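Q: Protein chains in written order, with the working numbering: chain Y, 1 to 277; chain G, 1 to 277; chain P, 1 to 277.
Worth double-checking, as some hints may not be accurate.
Just some of the chain P residues that point at chain G, by a computed CB distance under 7 Å [stated by the list, open to error]:
id	residue
1	V68
2	T118
3	A127
4	V183
Chain Y residues, not near chain P, derived (Cβ > 12 Å throughout) [to be verified]:
id	residue
5	L64
6	P76
7	P203
8	G217
9	G218
10	D232
11	T236
12	K264
13	Q269
What the hints contain is simulated information worked out from the structure, not anything from laboratory work. Just so you know, these numbers come straight off a predicted model, no measurement behind them. Backbone N, C-alpha and C fix where the C-beta goes; we use that ideal spot for every residue, glycine too.
Next come the chains, spelled out residue by residue.
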Amino acid sequence: MNNIDNKRTASRMMRVTTALLCCIPGLGLADQAAAHVKNLPGAAAPSGMKAAAPALEHYTHDLLLGDVWQRPGLSPRDRSIVTLTVLIARDQSTELPFYLRRALDNGVKPSEISEIITHLAFYAGWANATAATNAAATVFAERGIAADQLPAAKVRHLPLDKQSEEKRAAMVEENFGKVAPGVVKYTTDALFRDLWLRPGLAPRDRSIVTVSALVAGGQVAQISFHLNRAMDSGLTEKEAGEMLTQLAFYAGWPNVFSAMAVFKEVFAQRPPAVSAR
Amino acid sequence: MNNIDNKRTASRMMRVTTALLCCIPGLGLADQAAAHVKNLPGAAAPSGMKAAAPALEHYTHDLLLGDVWQRPGLSPRDRSIVTLTVLIARDQSTELPFYLRRALDNGVKPSEISEIITHLAFYAGWANATAATNAAATVFAERGIAADQLPAAKVRHLPLDKQSEEKRAAMVEENFGKVAPGVVKYTTDALFRDLWLRPGLAPRDRSIVTVSALVAGGQVAQISFHLNRAMDSGLTEKEAGEMLTQLAFYAGWPNVFSAMAVFKEVFAQRPPAVSAR
Amino acid sequence: MNNIDNKRTASRMMRVTTALLCCIPGLGLADQAAAHVKNLPGAAAPSGMKAAAPALEHYTHDLLLGDVWQRPGLSPRDRSIVTLTVLIARDQSTELPFYLRRALDNGVKPSEISEIITHLAFYAGWANATAATNAAATVFAERGIAADQLPAAKVRHLPLDKQSEEKRAAMVEENFGKVAPGVVKYTTDALFRDLWLRPGLAPRDRSIVTVSALVAGGQVAQISFHLNRAMDSGLTEKEAGEMLTQLAFYAGWPNVFSAMAVFKEVFAQRPPAVSAR
Numbered sequence: 001m002n003n004i005d006n007k008r009t010a011s012r013m014m015r016v017t018t019a020l021l022c023c024i025p026g027l028g029l030a031d032q033a034a035a036h037v038k039n040l041p042g043a044a045a046p047s048g049m050k051a052a053a054p055a056l057e058h059y060t061h062d063l064l065l066g067d068v069w070q071r072p073g074l075s076p077r078d079r080s081i082v083t084l085t086v087l088i089a090r091d092q093s094t095e096l097p098f099y100l101r102r103a104l105d106n107g108v109k110p111s112e113i114s115e116i117i118t119h120l121a122f123y124a125g126w127a128n129a130t131a132a133t134n135a136a137a138t139v140f141a142e143r144g145i146a147a148d149q150l151p152a153a154k155v156r157h158l159p160l161d162k163q164s165e166e167k168r169a170a171m172v173e174e175n176f177g178k179v180a181p182g183v184v185k186y187t188t189d190a191l192f193r194d195l196w197l198r199p200g201l202a203p204r205d206r207s208i209v210t211v212s213a214l215v216a217g218g219q220v221a222q223i224s225f226h227l228n229r230a231m232d233s234g235l236t237e238k239e240a241g242e243m244l245t246q247l248a249f250y251a252g253w254p255n256v257f258s259a260m261a262v263f264k265e266v267f268a269q270r271p272p273a274v275s276a277r
Numbered sequence: 001m002n003n004i005d006n007k008r009t010a011s012r013m014m015r016v017t018t019a020l021l022c023c024i025p026g027l028g029l030a031d032q033a034a035a036h037v038k039n040l041p042g043a044a045a046p047s048g049m050k051a052a053a054p055a056l057e058h059y060t061h062d063l064l065l066g067d068v069w070q071r072p073g074l075s076p077r078d079r080s081i082v083t084l085t086v087l088i089a090r091d092q093s094t095e096l097p098f099y100l101r102r103a104l105d106n107g108v109k110p111s112e113i114s115e116i117i118t119h120l121a122f123y124a125g126w127a128n129a130t131a132a133t134n135a136a137a138t139v140f141a142e143r144g145i146a147a148d149q150l151p152a153a154k155v156r157h158l159p160l161d162k163q164s165e166e167k168r169a170a171m172v173e174e175n176f177g178k179v180a181p182g183v184v185k186y187t188t189d190a191l192f193r194d195l196w197l198r199p200g201l202a203p204r205d206r207s208i209v210t211v212s213a214l215v216a217g218g219q220v221a222q223i224s225f226h227l228n229r230a231m232d233s234g235l236t237e238k239e240a241g242e243m244l245t246q247l248a249f250y251a252g253w254p255n256v257f258s259a260m261a262v263f264k265e266v267f268a269q270r271p272p273a274v275s276a277r
Numbered sequence: 001m002n003n004i005d006n007k008r009t010a011s012r013m014m015r016v017t018t019a020l021l022c023c024i025p026g027l028g029l030a031d032q033a034a035a036h037v038k039n040l041p042g043a044a045a046p047s048g049m050k051a052a053a054p055a056l057e058h059y060t061h062d063l064l065l066g067d068v069w070q071r072p073g074l075s076p077r078d079r080s081i082v083t084l085t086v087l088i089a090r091d092q093s094t095e096l097p098f099y100l101r102r103a104l105d106n107g108v109k110p111s112e113i114s115e116i117i118t119h120l121a122f123y124a125g126w127a128n129a130t131a132a133t134n135a136a137a138t139v140f141a142e143r144g145i146a147a148d149q150l151p152a153a154k155v156r157h158l159p160l161d162k163q164s165e166e167k168r169a170a171m172v173e174e175n176f177g178k179v180a181p182g183v184v185k186y187t188t189d190a191l192f193r194d195l196w197l198r199p200g201l202a203p204r205d206r207s208i209v210t211v212s213a214l215v216a217g218g219q220v221a222q223i224s225f226h227l228n229r230a231m232d233s234g235l236t237e238k239e240a241g242e243m244l245t246q247l248a249f250y251a252g253w254p255n256v257f258s259a260m261a262v263f264k265e266v267f268a269q270r271p272p273a274v275s276a277r
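Construct all of the structure, not just a fragment, from the sequences and the given hints.
A: Right, here's the structure in full:
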């Protein structure tokens with residue numbers, strides 16, 4: 001094969017791969033290409049969905065995008081953070097490009113997306129985050145977002161709440177220091193004294209990501225600690241309740257019904273919020 | 001690039017994509033094409049499986065397809081519904097085309113497949129259902145099944161059992177109305193007074209789908225309510241037990257061992273079935 | 001289209017498919033091809049990751065590959081078994097080729113990989129194992145590993161510990177024999193008196209696979225039985241603890257925190273290990 005052929009093939013491979021990476025499920029190939037170019041807002045008329053499940057198309061358009069996403073109580077930006085988290089935590093990368101574009105349109109910053117992916121390497125599994133970088137790299141390239149607009153590997157940390165962190169570390173050390181010293185060490189060194197202090201994603205938003213990942217993964221036992229942490233960082237009861245509504249659609253009803261009981265308990269045990277915040 | 005080249009490339013892209021969407025894991029590319037054309041019944045000799053795990057190939061052929069699927073106690077049609085549900089609930093779309101064809105061959109109607117996918121948007125997560133529409137659209141196209149043979153977005157509902165539904169709604173409202181009003185609202189409006197009343201999938205079958213999704217997702221806490229509902233709609237104890245056998249292979253032994261304890265409890269607490277039903 | 005065109009297209013499809021199957025997430029297409037050819041050790045500089053999450057690239061290189069994998073307490077070979085298990089149990093096949101190569105480099109035998117995949121058909125779900133055979137077939141082909149180097153479908157079993165197996169079988173029969181006779185039957189016939197006795201993977205290693213799958217799937221309720229079995233087969237407390245460290249990164253922190261409490265309980269209830277083993 002000569003050089004020209006090689007180039008042609010390379011260009012074809014690139015296009016095929018792009019089509020596969022960027023596809024919005026349910027769109028025919030032509031629609032996908034169009035969607036890719038026009039950066040389609042709203043997944044208007046997914047033709048695969050139309051061909052296999054007209055009722056689902058209707059619910060997607062009228063109920064999910066047309067109603068749930070428009071509800072007050074949780075901003076479109078926060079809904080995007082919840083949704084991206086579910087897709088990454090459940091390794092559903094086919095849907096990611098559409099929701100990454102939507103997230104950027106809703107005001108989630110590229111730097112925040114980059115931090116959400118990194119955060120989820122620890123809270124959902126390394127391969128989940130790795131897979132998500134592919135979709136994000138594609139969408140960032142479309143939008144002309146370069147790596148120097150993203151948080152660097154080494155950053156200046158947010159200040160540490162030393163007292164509460166030392167209490168947490170001591171409790172985990174006492175409980176599990178002899179069972180899994182490595183887990184205890186990295187929980188302190190890599191998570192609470194490094195990852196959580198990276199300034200590219202606000203503590204409240206890291207907590208939204210963490211709680212959403214827990215609900216999406218059915219990790220009921222870990223919700224209480226992180227929901228309290230989220231509310232300590234400013235998440236309101238109303239917002240937390242609306243997170244559950246958003247999660248019902250993206251993580252499925254059963255996960256939300258299991259989580260809802262824990263949310264109720266956490267709400268009940270917290271002191272009443274001081275004034276309106 | 002001229003027009004002819006464009007067309008050629010488009011046709012190549014289409015073929016590549018088709019090959020990827022339709023592939024039966026373990027088949028080499030040539031076999032996949034053959035399988036696609038011949039609509040291979042039984043996944044006879046998957047060559048990737050042969051190349052990497054001869055024992056798995058043997059178990060697949062002799063134990064799973066040759067023995068488990070042939071057991072009495074649960075019809076091949078119902079086994080197909082259970083299996084499709086697991087694959088969709090766990091987002092394993094590579095295997096879907098093979099099992100969608102098998103489902104159609106076993107008598108699951110296209111309209112029922114369409115409703116299963118839509119049902120699982122709510123019970124397994126939106127992205128799971130969306131991904132499944134791609135595989136279903138491909139298989140429907142192969143079989144010449146057009147969208148007008150599928151249930152429309154708006155349909156005439158089955159009659160509502162008003163008394164029991166009002167009781168359910170009141171209980172959920174009391175429990176969670178203040179925690180997550182959105183979840184409570186959609187549970188009533190979108191699920192129990194809409195989705196569950198769509199006539200394209202019988203209530204018993206919706207319950208098989210729901211229970212299978214719960215087992216496949218490790219959602220032990222939600223099984224009791226839905227297994228009782230399934231049995232109220234006519235699922236027998238024997239069928240429920242055989243669902244567990246089918247689920248053991250497709251959702252893995254651990255999920256089934258966790259679920260089996262709940263099934264046992266539900267069976268014990270129900271009044272004895274009146275005669276044979 | 002003439003014959004030459006057909007061949008060209010076939011060769012293109014093959015290359016595209018290979019690129020997709022073998023891709024290391026985060027690598028650009030050119031890098032992927034290079035990685036494929038050079039069988040890249042260490043995922044040096046994944047460019048997609050660099051483009052979307054520079055911090056994740058840093059953590060991958062310095063923390064995960066550079067630190068966690070180098071820890072004493074669990075051999076690189078065993079870490080590879082844990083990691084492959086997580087990826088298969090969570091159906092993350094994109095990452096598999098890289099970790100399959102790493103496993104072979106770390107001394108996991110092809111025959112063991114073949115048995116791990118087969119074992120996980122039962123413990124993680126059939127479609128998970130089926131998907132994994134594709135990646136394994138590709139990597140085996142690269143390394144010139146032929147099917148006759150893999151365990152045959154029928155093999156001579158390891159000796160059965162009759163007394164303890166009969167006790168187990170009787171207990172399960174008593175508990176669940178009437179609930180799901182099929183599950184009980186296959187648990188005995190296909191699992192404990194067949195799969196577990198296949199000599200291609202040592203009982204200790206089968207237990208590492210099983211326990212890792214349970215942690216990765218959040219199957220907390222099943223851990224106790226299988227961790228005890230693992231330790232009865234020679235897994236030390238220290239190794240089990242380090243498994244948790246490895247699992248934290250690949251299955252996510254929440255799964256490990258839920259599992260860690262069970263590990264602690266199992267450690268506490270076992271008689272002290274006799275001398276150093």
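Q: Determine for every hint whether it applies to the structure shown.
A: Here's how the hints hold up against the structure:
no. : hint : result
1   : V68  : 26 Å, violated
2   : T118 : 4 Å, holds
3   : A127 : 4 Å, holds
4   : V183 : 5 Å, holds
5   : L64  : 25 Å, holds
6   : P76  : 22 Å, holds
7   : P203 : 16 Å, holds
8   : G217 : 6 Å, violated
9   : G218 : 6 Å, violated
10  : D232 : 19 Å, holds
11  : T236 : 24 Å, holds
12  : K264 : 20 Å, holds
13  : Q269 : 20 Å, holds
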